Amino acid sequence: MSHLTEFKSVIFMEKTSTDAFPSIIYSSEKQETVCIFGTGDFGRSLAFKMLQCNYSIVFGSRNPQKSSLLPHGAEIFSYSEAAQKSDIIIIAVHREHYDFLKELTEVLKGKILVDISNNLKINQYPESNAEYLAHLVPGAHIVKAFNTISAWALQSGTLDASRQVFVCGNDSHAKQRVMDIVRTLGLTPLDQGSLMAAKEIENYPLQLFPMWKFPFYLSAILCVFFFFYCVIRDIIYPYVNSKKDITFRLAISIPNRIFPIAALTLLALVYLPGVIAAILQLYRGTKYRRFPDWLDHWMLCRKQLGLVALGFAFLHVLYTLVIPIRYYVRWTLKNRTITQATAKTQDLFSTSTAWLSDSYVALGILGFFLFVLLGITSLPSVSNMVNWREFRFVQSKLGYLTLILCTAHTLVYGGKRFLSPASLIWYLPSAYVIALIIPCTVLVIKFILILPCIDKTLTRIRQGWERNSKPTSDGQYLKQSSIHLDSQL
Amino acid sequence: MSHLTEFKSVIFMEKTSTDAFPSIIYSSEKQETVCIFGTGDFGRSLAFKMLQCNYSIVFGSRNPQKSSLLPHGAEIFSYSEAAQKSDIIIIAVHREHYDFLKELTEVLKGKILVDISNNLKINQYPESNAEYLAHLVPGAHIVKAFNTISAWALQSGTLDASRQVFVCGNDSHAKQRVMDIVRTLGLTPLDQGSLMAAKEIENYPLQLFPMWKFPFYLSAILCVFFFFYCVIRDIIYPYVNSKKDITFRLAISIPNRIFPIAALTLLALVYLPGVIAAILQLYRGTKYRRFPDWLDHWMLCRKQLGLVALGFAFLHVLYTLVIPIRYYVRWTLKNRTITQATAKTQDLFSTSTAWLSDSYVALGILGFFLFVLLGITSLPSVSNMVNWREFRFVQSKLGYLTLILCTAHTLVYGGKRFLSPASLIWYLPSAYVIALIIPCTVLVIKFILILPCIDKTLTRIRQGWERNSKPTSDGQYLKQSSIHLDSQL
Amino acid sequence: MSHLTEFKSVIFMEKTSTDAFPSIIYSSEKQETVCIFGTGDFGRSLAFKMLQCNYSIVFGSRNPQKSSLLPHGAEIFSYSEAAQKSDIIIIAVHREHYDFLKELTEVLKGKILVDISNNLKINQYPESNAEYLAHLVPGAHIVKAFNTISAWALQSGTLDASRQVFVCGNDSHAKQRVMDIVRTLGLTPLDQGSLMAAKEIENYPLQLFPMWKFPFYLSAILCVFFFFYCVIRDIIYPYVNSKKDITFRLAISIPNRIFPIAALTLLALVYLPGVIAAILQLYRGTKYRRFPDWLDHWMLCRKQLGLVALGFAFLHVLYTLVIPIRYYVRWTLKNRTITQATAKTQDLFSTSTAWLSDSYVALGILGFFLFVLLGITSLPSVSNMVNWREFRFVQSKLGYLTLILCTAHTLVYGGKRFLSPASLIWYLPSAYVIALIIPCTVLVIKFILILPCIDKTLTRIRQGWERNSKPTSDGQYLKQSSIHLDSQL
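Protein chains in written order, with the UniProt record's numbering: chain Z, 1 to 489; chain X, 1 to 489; chain B, 1 to 489.
Treat the hints as calculated values from the structure; they're not laboratory data. Quantities reported herein were computed from a predicted structural model and do not represent experimental measurements.
Here are the simulated DSS-like cross-link-like pairs (lysine-lysine), alpha carbons at most 30 Å apart as the crow flies: (1) X:446 x B:213; (2) Z:244 x B:334; (3) B:344 x Z:244; (4) Z:121 x B:397; (5) Z:416 x X:243; (6) Z:446 x Z:397; (7) Z:213 x B:446; (8) B:243 x X:344; (9) Z:121 x B:456; (10) X:303 x X:121; (11) Z:334 x B:334; (12) B:121 x X:456; (13) Z:344 x X:334; (14) X:397 x X:456; (15) Z:334 x X:334; (16) B:416 x Z:244; (17) Z:303 x Z:456; (18) B:121 x B:303; (19) Z:456 x X:121; (20) B:344 x Z:243; (21) X:303 x B:303; (22) X:397 x B:213; (23) X:244 x X:334; (24) Z:121 x Z:213.
Could you put the whole structure together from the sequences, leaning on the hints where they help?
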């Protein structure tokens with residue numbers, strides 16, 4: 001309940017908790033005593049916070065001497081003395097120094113040891129720190145917790161990102177007691193199951209958007225390529241040909257060519273692995289064979305690809321909407337008008353141009369609208385509210401509709417110029433023509449795949465049927481029902 | 001913890017789990033043995049996944065013969081043999097074939113039976129499959145789980161939509177053990193209480209946006225009606241009258257008339273049931289009588305109505321912002337300027353037109369801004385963060401402010417033309433005039449309802465007072481306090 | 001599982017639950033008997049709902065006489081008689097009338113008392129109602145629950161905001177039983193730990209956006225100040241000087257000056273407390289001293305400040321994009337063109353103006369894009385998905401990049417006019433010049449703070465090092481690791 005605890009007063013370093021909350025009299029019933037091994041910064045921060053919540057704290061240390069750094073109210077003892085005073089011992093010591101715990105095996109027997117350590121690198125050790133600890137002190141109940149919390153968040157309790165405390169352990173009673181402490185401290189415990197989860201929990205705080213790396217680099221490459229492509233066609237060519245300096249186009253015109261291309265290409269790349277997977281399954285005649293690694297990885301980051309594409313589409317919309325505000329556009333419009341007015345000529349109105357212009361814009365708007373809908377549906381809290389059937393409907397049906405609309409938007413944008421030789425510059429077609437290759441390919445293959453004859457085979461394969469196998473399962477067993485069956489989006 | 005498990009390697013069909021994770025040595029402590037009745041696709045997928053998480057799997061089958069389809073590492077026995085090897089038995093068999101379980105009553109006594117079945121239609125059977133199972137095997141502990149998960153999601157673990165596993169059952173210990181398995185598989189168990197919830201859990205994956213149907217059809221009808229209305233006024237009339245072909249207006253101009261009308265009407269329809277309910281309560285003099293079914297249903301889908309309205313408003317904003325980019329608009333502007341320049345005349349600047357134009361636009365922007373705020377507040381994760389008082393403040397106060405601003409936006413848009421006979425075409429008023437009927441009605445009734453004398457009576461009724469009843473509750477009992485009291489929005 | 005329960009039929013006041021759900025036969029197993037003390041509106045609403053879910057209800061009352069108001073199926077007894085019929089007693093009585101419970105101490109021994117009361121003011125009593133109840137009836141197990149639920153929500157079950165039931169209590173078994181009831185009623189119980197949390201739970205429904213107050217008032221003051229500033233410069237001055245009536249500027253032009261200023265200033269104020277905190281820590285040479293209260297409070301509402309700033313930025317974008325649609329703008333453009341066409345003169349194209357105009361717009365778009373990204377990341381469901389390192393990356397790195405882009409946008413907007421004496425009006429500089437003061441200050445200080453020499457000291461301080469203390473912690477103890485260490489954003 002993050003919103004409740006936000007209003008808990010931040011920690012009073014120089015005061016005891018009873019001073020800080022003089023009004024809480026009935027509630028000041030003493031909580032249990034907790035022992036902390038290690039007097040480093042994180043151990044002290046944890047002690048501060050726990051003292052504030054009415055826990056009694058004893059520190060265990062190699063040199064049990066009072067220090068001004070220790071929070072007021074905590075006591076300090078030798079390791080074994082401290083351990084005897086509490087059932088729960090928090091190990092605020094680096095993994096490399098866990099060895100001393102081996103000598104305490106006897107006194108730690110049956111106690112709850114809370115491993116709060118982190119590593120410096122992902123998968124630094126073959127086994128997680130918590131599992132290593134369980135190995136060192138076999139008689140104790142090991143619980144992994146608190147490693148995703150920062151000391152500062154403990155003290156201030158402000159940032160939503162730091163509220164969640166992942167907890168795992170093999171002894172459910174021990175885990176429950178640690179989760180109670182987490183909750184009392186105003187944090188949100190999340191039960192992650194057995195100690196097997198410790199490795200993931202230890203890797204978790206070290207990650208920096210791992211699923212976003214591939215989409216990020218891919219879109220960076222796309223942008224750089226199309227940037228140079230457009231610079232050659234739109235800036236260098238006019239300069240070479242007619243010595244015109246139109247470098248100011250770098251600020252808006254060129255980006256507004258790159259962004260829609262990147263958006264459309266990435267959107268198509270969201271749906272490409274799905275059709276590749278379908279082709280593979282048709283070719284192999286079974287779904288019980290693993291896809292190649294690159295395809296698996298690609299399919300895993302489709303959501304991220306889609307969101308990056310949405311970002312580019314959003315930028316494209318903004319860049320397009322500011323067009324009439326730009327000095328260059330206003331200047332051009334004014335001067336053309338003056339020239340015509342001076343010459344007393346008027347353009348004739350072309351209904352077909354009006355149709356092309358309006359439907360190109362309308363297709364773009366509708367495509368963007370559906371794209372935003374897809375983006376909203378991929379918000380975790382929204383996608384948790386929809387069931388599998390609804391999710392597939394949105395992500396697959398609406399997704400393909402978005403792709404169709406955006407492709408049509410680009411095709412109509414080309415309009416009469418599309419593929420006309422006159423628009424070649426130095427044998428280079430317009431950038432948007434290149435951008436259409438992948439989306440059109442995806443749409444054509446998808447269209448073939450949903451032809452009834454092919455779709456029927458594919459559905460059977462996905463329900464567990466295999467081309468080269470005699471049927472063993474008699475009808476009574478649960479197949480992929482129509483609900484369970486997903487079309488791999 | 002969906003973000004952690006996303007990085008679990010996808011299942012290796014041809015490998016055993018120890019090959020897949022060679023580094024996990026400490027954590028490979030064997031989990032318990034689980035029995036699966038049925039070797040269909042879903043049972044096999046579940047077995048694959050559980051083997052990967054170090055469970056031992058025994059299949060129970062009518063024909064217990066080894067099959068190449070079965071995952072490596074699983075054993076297969078007859079039903080009763082398999083059941084004896086495990087406390088937990090997953091029933092991966094269609095409901096129509098549950099009968100054979102009756103004969104196993106003795107061996108299943110005290111065991112945990114996990115019902116994972118789904119139906120083909122909502123409310124297909126009078127009682128849920130899980131309750132039917134409980135009826136067949138009275139001595140077993142029935143737990144409903146896994147039915148919302150797709151086999152594909154089990155294998156890849158990618159899609160957020162499929163992470164949640166609803167679990168229900170009457171025996172809390174049995175439920176807890178199944179939830180532990182769910183968690184170990186990297187999924188998120190959600191405790192739904194007793195087996196009474198099974199029916200809902202079984203219906204859940206079959207639904208396709210049930211709350212969105214009414215808003216969807218209503219807005220479709222609105223759009224179609226106003227489409228033909230606008231086509232008659234804006235395209236057929238000019239064609240009949242002056243033979244002008246302006247069909248290109250179908251792409252942008254006509255939608256941009258329909259969308260704001262749909263948005264405003266739907267927004268008003270969000271607040272209409274609230275005022276109808278208030279009138280009903282005032283008329284009846286009590287809140288302890290049920291509203292008619294249509295009103296109940298209407299009130300239940302107000303959020304969806306509002307979000308559809310927001311969608312239309314968003315489209316209206318985009319369609320409006322592209323106006324200056326349109327070929328038709330640019331052509332008209334240029335030609336008028338040339339005509340005037342040739343004639344050497346200039347329009348006089350009209351301050352009142354400037355006021356009308358600017359305030360109409362400003363009201364629209366502010367209305368849209370508040371509308372977006374309302375939309376954000378209705379995101380599940382945001383609405384979970386606000387309390388009842390805050391939610392009412394946003395949805396009721398800000399909601400009515402939005403309605404007022406959008407209605408005013410439309411009124412000022414009409415400006416001097418509003419209700420002028422000159423704007424009638426074939427006796428048809430402009431579409432926006434029709435669009436104003438419902439919003440203005442709602443606002444006028446709401447204004448009457450908040451007059452002090454009426455509001456006081458309404459508040460008393462909502463606090464439990466009844467006009468035709470002698471007071472029984474003496475003051476000491478909890479009424480609707482000011483916090484609990486909601487104004488039905 | 002809010003989406004499941006939404007489809008539960010709303011309560012049938014005149015029917016028993018078996019009529020309402022004739023199809024549920026297997027599931028109608030009787031739930032336990034629950035006693036409710038008090039026959040006020042909330043007690044009755046709760047009883048209706050619980051009867052619907054197959055609980056048996058007995059009311060306890062001072063005057064145990066049948067009333068037509070009581071829901072059909074409930075019985076009514078004297079307090080002590082009613083209490084004997086159930087383990088769980090819900091106290092639907094105002095706190096001021098709790099005294100009568102003292103006389104029932106004997107019969108309430110070992111029972112579960114559920115305190116559902118609310119207060120009229122935040123912190124109305126020194127201790128929470130639930131703790132007061134625990135004090136009055138020492139032998140009973142007190143559980144706090146249901147106080148955040150409205151009676152209306154209980155009956156209709158529609159609104160997400162009212163689904164969450166915060167539960168706390170010292171006896172975990174008693175708490176579990178109450179949470180089971182909550183779940184059976186279709187609501188979501190959230191365990192808040194021990195009875196110490198009751199005070200917060202009771203304050204919770206009384207709050208009205210407490211964290212938003214400071215940002216709201218601050219932005220109101222900013223807006224009012226800059227409104228008068230701009231009115232003086234842009235409306236009064238032209239009127240005094242040249243008798244021009246340009247009051248129509250109040251609708252769009254003036255707001256579109258105020259909103260970007262408010263957005264930029266508030267965004268800078270999000271990052272100002274961080275640099276102040278860093279300076280304080282450098283000056284004091286320790287992190288173990290509390291920041292002044294005002295700084296603490298400021299840091300706690302940075303998220304809200306940022307979101308208000310985003311709101312202003314969003315309005316600024318909309319107000320800017322409608323510029324070409326405005327009558328005033330179109331009129332000016334047309335008349336200038338006509339004037340020039342009549343005079344047969346043309347402006348020369350200025351490449352530097354094109355550069356300035358385009359890059360000013362491009363910087364604004366990119367800044368707004370990042371700003372929206374920051375806003376999306378602060379959605380609770382998104383920020384729960386990112387770890388501490390990722391959150392810091394987004395909020396700190398991307399946040400400062402946003403600030404830099406928006407500041408640059410404003411600087412380039414000024415362009416050649418920036419700080420030129422000609423733009424002074426009555427000695428007042430343009431409003432945007434004033435708006436640049438805080439952002440530039442923050443950026444300069446931040447730039448100094450990340451110089452290697454200063455950054456190194458700051459990092460050591462934040463890892464627990466103190467300038468005026470002898471080192472006590474030897475290396476083995478957990479310091480703020482690189483992951484835990486946050487830069488206070």
